[in-house]
Amino acid sequence: MPILPLHYMFLSLTLFCIGIMGVLIRRNAIIIFMCVELMLNAVNLLMVAFSKMYVDAGAQVFVFFIMVVAAAEVAVGLAVIVMMYRKVHSVDVNILNRLKH
Amino acid sequence: MGIYDIAFWILTVIAIGCALGVILSRNPINSVLFLIATFFAISGHYLLLNAQFLAIVNIIVYAGAIMVLFLFVIMLMNLNADVEPQKGRLVQLAGVVSGGALLLVLLAALRTAKYPTLESTPNEIGLIQNLGEVLFTQYVLPFEISSVLFLSAMIGAIVIGKKEDSTHSA
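Quick note, the sequences are listed as chains V and U, same order.
Position 45, counted from 1, in the first sequence is what this note's numbering calls 45; the numbers after and before it change by one each time, with no gaps.
Position 149, counted from 1, in the second sequence is what this note's numbering calls 1149; the numbers after and before it change by one each time, with no gaps.
Derived lysine to aspartate or glutamate pairs resembling DMTMM-like cross-links, with alpha carbons at most 25 Å apart:
id: 1; chain 1: U; residue 1: K1163; chain 2: V; residue 2: D92
id: 2; chain 1: U; residue 1: K1163; chain 2: V; residue 2: E73
id: 3; chain 1: U; residue 1: K1114; chain 2: U; residue 2: D1005
id: 4; chain 1: U; residue 1: K1162; chain 2: V; residue 2: D92
id: 5; chain 1: U; residue 1: K1114; chain 2: V; residue 2: D56
id: 6; chain 1: V; residue 1: K87; chain 2: V; residue 2: E73
id: 7; chain 1: U; residue 1: K1087; chain 2: V; residue 2: D92
id: 8; chain 1: U; residue 1: K1162; chain 2: V; residue 2: E73
Derived from the structure by calculation, the hints contain no laboratory data.
Isolated chain V, as found in the complex:
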């Protein structure tokens, strides 16, 4: 059975939905953040598959930009989490559900 574009699409959708489930079922803010990274990577994989499908380098450049945005997001997000931990000594999102305490 040859590998079709559909296989890559199914793989990346599965990874994306696993990321969504992780965001919904976990309470640790850092794990939720890691699941967001997983979703970004699923999108990257789909982009690369499209790049191969249409023989176009633009999609790979976009993957590059997604990586840039993810790196910036991680830097700021982890700073926010560390700050929250310093204030309330927890990274549980059920405790952090109020913007002000």
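Given chain V, put chain U in place with the hints provided.
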């Protein structure tokens, strides 16, 4: 079944299994390690798709930099104990059902779509020379803007993470 197909299926099983490990393992350190394994599997997929440069960048940036940052933060907070409280069974079930329903809907929508076939011949578009040419001719403005984004993210992280001045916080 050629070597390409075998590699595809092995990498797919590794990627999905390790992604499940990320969301199911109790210890955050294990989650980070599973996520690193997932990123390596995805890099393998990039190699299969003739995106050699992206495969290397994925390992360096994601597995090397971002995940080490996560590991640092987890160790800084001493979270590697299995004390994380769980959400209620009902909430977990609802999360799994809604994620699975989204997956089913998307799969059903895409199942009958028409695609061009994957080019089986190796091409040169994933090499750094070609990508660099595209990046610095067609996409030079987004490239510059992303550098500004990086600068602002760096400043933001420093400002947020800075310890508060003790004279004001008392």
